[in-house]
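Whenever a hint applies, use it, and build me the whole structure from the sequences.
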Amino acid sequence: MIIYCGLRHFYIHHFESPQTNAYYILTHNGEIWDFSPELKQYGVTNQIKPKAVFHLEKPVLTVPIALADFQPFSQSWHEFSKQYTAELEPEYPHAWYLRFQQESILKQFMEDFQTKAKLELEGSICGAGFSKLVAKLAAHNLPQGNELIKPQQTEYFLRQIPLHRLPLPETASLEKLGIKTVGELAEIPLVELMSQFGQRAPILQKLGRGEDLNPFQTQQVTELAWELDCTTLEGFLRPLTLDELQPYLKHGLEELITTLRSHNKIATLLKLGVKTAPEGDSAETQRRFKVPTCDFQVLSRTVDSLIPRKPLEWLKITLSELQPAPTTQLNMFAEPLILQLEEELPAQRGVELPRRERLLLLWEEYFGYEQVN
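According to my numbering, the residues represented by the sequence shown are 140 to 512, in order.
One or more hints might be untrue.
Unchecked claim - Calculated lysine to aspartate or glutamate pairs in the EDC-like style (CA-CA distance at most 16 Å, straight line):
#1 K345 to E323
#2 K455 to D443
#3 K455 to E366
#4 K319 to E294
#5 K289 to E350
#6 K414 to D368
These are calculated hints, taken from the structure and not from any lab test.
Have a look at this one:
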């Protein structure tokens, strides 16, 4: 099953407005991407912008945005999602898909996602179905609490969704043929659709069945990086010596390792970029591990061997050529567990029975076996 997650007014929420006393309409590639929530009462939607808005208490400003500028704000949501499943596919900074193997975990995530959005005062939508298309339609068309469409419910659900909810160039022509809902597309014979729409017919029929034109693709993490500009650190504002850098390096490596483990990855290559002072020369060195790792001690020793013994203005640690972490088996007899059992259930270990006692036990087992048989 696949979940579609979306955050309402994500771009306005993270938009650094140059003028506080104004309403904003944010555009991307000439289309409305987000707007101040107050403008909804004046008829503004993501599809419709009024030609003019009169007599408002604030000016309405239209500002183009670059989606890449908002990507960092989605990272915390992605990390939250990956606590439930490693399979994530981003669509936009404000929207992403997740794939689950177990319905119980899927339901728990939907509940926790909506709770988190409320706590952070962000509006949210989510929906689930057998495909990305069904999940997205469920998120945008069903009330909270009813957004899960099971595979056997898909056909009935799609027959309730108006055709214009799909951004198709053929919508007007299809409606003239009497096709009013998404589900009705699947009922039209392919030959009839091809006579009207040619090579687009298989695509239309596939959409009518709720199938994805582009299958789910898990986001691939190829490298992770952490960097530090020493000249902007509060209390320093200058290049740092190696001793002064140690707590920052420790924090940076711990942060990288936490992210590695959240993605269930290990690193094959470590790259270190630095800018030394006072020359301001930039350099990059790297070290390839014989065995891929996410061990703090290994990474720390590697950084220590590569870092220059000069004051640094800037440095960047990059873990690259990431691989899936091997599956490790839980050690049920780890030493802490044994110690805990000793405290709760005091007993002796390593006591050897005398020879006479062992012989008696053997005889008891032998005669007991003979009597049973």
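Hints, verified against the model:
Proximity of K345 to E323 is assessed by CA-CA distance (about 11 Å); at most 16 Å being required, the pair is judged to hold. For the given pair, K455 sits about 13 Å from D443 by alpha-carbon distance, which is consistent with the 16 Å threshold. Straight-line distance between C-alpha atoms of K455 and E366 comes to about 4 Å, which keeps the hinted pair within the 16 Å bound. Taking the CA atoms of K319 and E294, the gap is near 15 Å; set against the 16 Å cutoff, the hint holds.
Among the hinted pairs, K289 with E350 is consistent with the structure: their alpha-carbon atoms are about 14 Å apart, no more than 16 Å. Between K414 and D368, the direct Cα distance comes to roughly 9 Å. Compliance with the 16 Å bound is thereby established for this hinted pair.
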